[in-house]
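A.B. asks: Sequences listed follow chains A and Z, in order.
In this text, residue positions in the first sequence follow this note's numbering: the first is 1, and each later residue adds one.
In this text, residue positions in the second sequence follow this note's numbering: the first is 1, and each later residue adds one.
Check the hints yourself; a few may be wrong.
[Claimed, not checked] Derived lysine to any residue pairs resembling SDA-like cross-links, with alpha carbons at most 20 Å apart: (1) Lys14(A) - Asn15(Z); (2) Lys632(Z) - Gln484(Z); (3) Lys142(A) - Arg94(Z); (4) Lys159(Z) - Arg94(Z); (5) Lys142(A) - Tyr503(Z); (6) Lys14(A) - Met483(Z); (7) Lys14(A) - Pro100(A); (8) Lys568(Z) - Met483(Z); (9) Lys551(Z) - Glu175(Z); (10) Lys118(Z) - Lys243(Z); (11) Lys16(Z) - Pro100(A); (12) Lys118(Z) - Ser173(Z); (13) Lys632(Z) - Met483(Z); (14) Lys142(A) - Leu12(Z); (15) Lys142(A) - Met483(Z); (16) Lys243(Z) - Leu361(Z); (17) Lys423(Z) - Glu175(Z); (18) Lys525(Z) - Ile644(Z); (19) Lys525(Z) - Ala645(Z); (20) Lys142(A) - Leu13(Z); (21) Lys568(Z) - Gly230(Z); (22) Lys17(Z) - Pro100(A); (23) Lys142(A) - Ser14(Z); (24) Lys142(A) - Trp5(Z); (25) Lys634(Z) - Ala476(Z); (26) Lys142(A) - Tyr6(Z).
[As the list claims (entries may be wrong)] Partial pick of chain A residues on the chain Z-facing surface, computed with a CB cut under 10 Å: (27) Pro100; (28) Glu125; (29) Arg183.
[What the hints assert, rightly or not] To list a few chain A residues with every Cβ distance to chain Z over 12 Å, as calculated: (30) Ala34; (31) Thr181; (32) Val188; (33) Arg210.
Derived from the structure by calculation, the hints contain no laboratory data.
Every value quoted in this text rests on a predicted model; they were computed, and no experiment measured them.
Think of the CB as a built atom: it goes at the ideal place given N, C-alpha and C, for glycine as much as any other residue.
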Amino acid sequence: MNGPIIELRGVVKKYESAVNTVTALNGIDLRVNAGEFVVVLGKSGAGKSTLVNMLTGIDRPTSGEIRVAGTSVHALGEDDRAAWRGRHVGVVLQFFQLLPSLTVIQNVMLPMDFANRYPILQQREWAMYLLKQIDIANHAHKLPSAVSGGQQQRIAIARALANDPPILVADEPTGNLDSTTARSVFGVFRDLVRQSKTIVMVTHDRDLARQAQRTILLADGEIASQ
Amino acid sequence: MQVRWYKVLYDLLSNKKRSALVVLSIAVGVLSVGLATGAQTILSRELPAGYLATDPAGAKFITSPFDDDLVDTIRRVPRVRDAEGRRSLFARFRTGPDEWRSVNLFAIPHFDDMRVNKIHPVQGNWPPRDHEILIEQAALGTARTHVGAEVVIRLADGKERTLRVVGVAHDQSQEPATFEGSIYGYVTLEWLGEPRNYNELYITADPQVRDLAEMRQIAARVRRKIEDSGRVVLATSVPEPGKLALQDAVDGIMVVLSTFGVFILILSGFLVVNTLSALLGQQVRQIGIMKAIGGRTWQIASLYLGMALTFGLLGVIVGAPLGWLGARWLAVFVAGIINNDVADLSISPFVLALEVGVGLLAPLLAALVPVLSGARVTVREALSDNSVSRGQFGSGWIDRRLRSIRGLPSTWMLPLRNAFRRKGRLALTLTTLTLASAFFIAVISTYASVLRSIDRGFQYWGMDLILTLNRPHRVARLEQAAMQVPGVVRAEPSNFVQVNRAYADDTEGDILLMYAFSADTSSVKPDIVEGRWLLPEDANAIVITNKFLDKEPGVKVGDTIRLKVLGKEMNWQVVGIAHLMMGDGPTVYVNMPYLASAVGLRERADWLYIHTAQHDSASQLLALQALDQQFKLKGIRITSTMLIADLRTTIRALFDAVVVVLMIMAVLLSIVGGLGLMGIMSLNALERSREIGVMRAIGASDSALLRVILIEGILIGLVSWLVGCVMAWPLSQVLCDAVGMAMIQTPLTFTFSAAGVLIWLALVVALTSVASYFPARNACQITIRETLAYE
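Just need the whole structure built from these sequences, with the hints factored in.
C.D. replies: Quick look at the structure:
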């Protein structure tokens, strides 16, 4: 692909409330090239999660354009964005968000099921491969409640990789972990970068942020520095 | 299997109690539909088939005596397929020491070669020989006899005969013996001393004759043939071809039951709505995640619709076989009430398909709105849902009214407000419970209305006993003989004849019952709704009834109708219309002196209405026994008797059977209501787990929490009771009308049952207490740590 894999142009996001209008993002211009590991830093309320929502298509901008992996995401409807997201973007959230009623391996297989990718047997093989990559394979048939927080986050990462997306977007993936586990999980992301994945990570941890290739500082809905 | 369906499976199994409640609720709905529809299809197939298998008479003629020659002649009348003569006579049957009941005996010439109105052996020997009798199956109870017993009958001439009951027969051509406490017996002719000839002629027509008008034409031809032979046709009956007399009543009751069944199924769907709404609410974050990882709205919706379908399937598996079994029981029960048999209890595949169809479709339809609404939540909304507990309170109109209530302790205020936090859910739960309330009270009110209608109907009868005599006797003689009996306060001689309406085209209508009374009679008190009652000076005045108008619609006060009375056509002017609640058929009233004179019975009567001082069954029986002895001494023969107290008991038993079936449906409805409430209270307690944990953390005891949840449940029950009482009024009227029209072709006298209101109040408090207690107890058993960690 020529050009950046992620491009935001003049993205504005405003939220209307009963009291006032809040501008969460105020004219964001951002380019991320394929294979980059980008960290977005900022204080609470800076607009980091909103930026993640824009990149992943979870939310739509009030104005501006968002092109990710060749698709004008801002122009898609809610359902089309979900389908697009399943194939092109792996999402990792702060609160692991694994489905409690499915086993570890079933959680990893779920995105493949939604995307209707691969026959079921192949889904199972690929999911087991992903779990082995993150050393969770021997917990494959357990429920999420039976594994630790760090393991759950690793599983969430494996799930994000289920459809082999070119891009991973992680919103505070280590926010709920102790420092040792956080470093371990961060290491997984570094490995993924080596595998040519593009990673955009939101974090408030400056120490971990220093390990990324590029840092974007977000303040009051604007890029303060990058 | 695709991995997404494992989520459905685990969600179903993760809360087995909740799933079981929903499945049970759907099962009750499927059972109810299957019960009513299955029974209806069996009855609509078997009753006509069983009836037609008896070769029912297309027409019946009550005539002066005739023989086989006339029967052969009639068989040659065009479009007459077959004909048969029988002798019918009334006698008295001893049912106990000094206790006699009327028996209608039929002497059948060839038991093994019956061609019309066939009767079938049920038990014992067939055919009866001399000194033997068969009893109709439905009359065994009234006759207080059994196969092998010896019975005594007293004929019109006073002679008594001993017969042995050798068998039981089934006769579908007669009104069920249980309806009036009648006895039907089947005997041979000669040994009784009766002449070997016939007084009733039955014919069947070609199978192509299905039209009543055409049947009447054939009947007219046969009548003329009989009259040409020098006999007199006293009355003609031409029923609707091929139709069982009580088919309309059965159909009416089955429609009411089917309606109940559909209602119950709809209400069971409400629990599906509430359960899935709550589940979707609880899993909103999971929905957000599924969308975040690529799940589309239709994929997520299909998961929860799949769950609804699974509930439905399980409900069908449980409910359909029970509905099938229940349908067979109900069909036999209803057929038994009208003295019919059901030969084939197989259920039509259509009914099974219907049960499966509604069992799957109802929960699916019920789930559509909550599922589509829940599945449409956006990822951002779903993932930002962080409230302590769901259900907003405060801004709505109802909330503001509740907030304005002052002075209530918190143990009442909290459950009162909690009940209204989920207004949609509350609305569905209340709807189910309210309808259960309304229907329960409506059924009790219907029963009360039945009792009142019977009372009102029996106000029509001012007398206590009806005696039918072997022949007309002088009126003065009858009065004098009767008044000498202790306990008798009044004796009214009367006449009764069966007549037919004569039309211009020489055809006749069906049999009408003509009662001739003195204008000042107190033996009957008909409710005159138009025109007037008879006057002493009336000549050919006639008062018709609603029962008459059912057969001969369109006749008005002032019209002249032509009736054939004992073979003689006479014009009668309609002076009044009376409304009969009860009654044995299409009744008309005429002035006794005029009728007696017109038919050559001046100052004579063959019916006697006796009024006794006491009106209970025992007193009536004593009076009858005394009259028996007195009349025997005077040489007056009684051929049949009727005690009004016995008639009341018989009619009440008939209605009781119908009310039992209605009560079964009301109970099923209450079960669905209770299941619904239990499910909702469980959901409410589960959703408020964190809130309960917070309350316990700040000092609330288990008993206080239990009280809050219990009171919430009972409050919901009380609201449903109140609203249900209001709804029950119009519903009761509709149900009363439906039952009345089905059973007696007239609406019941409506009575709203206060007892039903109080009974249901007690039941609903008990039901809601039980439904709330278990979820409350479960909520209190979870630790504070668990509840605060609940997500």
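A.B. asks: Now tell me if each hint is right for this structure.
C.D. replies: Structure-based check of all given hints:
no. : hint                  : in the structure
1   : Lys14(A) - Asn15(Z)   : violated (41 Å)
2   : Lys632(Z) - Gln484(Z) : holds (13 Å)
3   : Lys142(A) - Arg94(Z)  : violated (83 Å)
4   : Lys159(Z) - Arg94(Z)  : holds (13 Å)
5   : Lys142(A) - Tyr503(Z) : violated (89 Å)
6   : Lys14(A) - Met483(Z)  : violated (104 Å)
7   : Lys14(A) - Pro100(A)  : violated (34 Å)
8   : Lys568(Z) - Met483(Z) : violated (34 Å)
9   : Lys551(Z) - Glu175(Z) : holds (17 Å)
10  : Lys118(Z) - Lys243(Z) : holds (16 Å)
11  : Lys16(Z) - Pro100(A)  : holds (16 Å)
12  : Lys118(Z) - Ser173(Z) : holds (8 Å)
13  : Lys632(Z) - Met483(Z) : holds (15 Å)
14  : Lys142(A) - Leu12(Z)  : holds (19 Å)
15  : Lys142(A) - Met483(Z) : violated (97 Å)
16  : Lys243(Z) - Leu361(Z) : violated (36 Å)
17  : Lys423(Z) - Glu175(Z) : violated (55 Å)
18  : Lys525(Z) - Ile644(Z) : holds (14 Å)
19  : Lys525(Z) - Ala645(Z) : holds (17 Å)
20  : Lys142(A) - Leu13(Z)  : holds (17 Å)
21  : Lys568(Z) - Gly230(Z) : holds (14 Å)
22  : Lys17(Z) - Pro100(A)  : holds (19 Å)
23  : Lys142(A) - Ser14(Z)  : holds (15 Å)
24  : Lys142(A) - Trp5(Z)   : holds (17 Å)
25  : Lys634(Z) - Ala476(Z) : holds (13 Å)
26  : Lys142(A) - Tyr6(Z)   : holds (14 Å)
27  : Pro100                : holds (8 Å)
28  : Glu125                : violated (13 Å)
29  : Arg183                : violated (25 Å)
30  : Ala34                 : holds (21 Å)
31  : Thr181                : holds (20 Å)
32  : Val188                : holds (18 Å)
33  : Arg210                : holds (28 Å)
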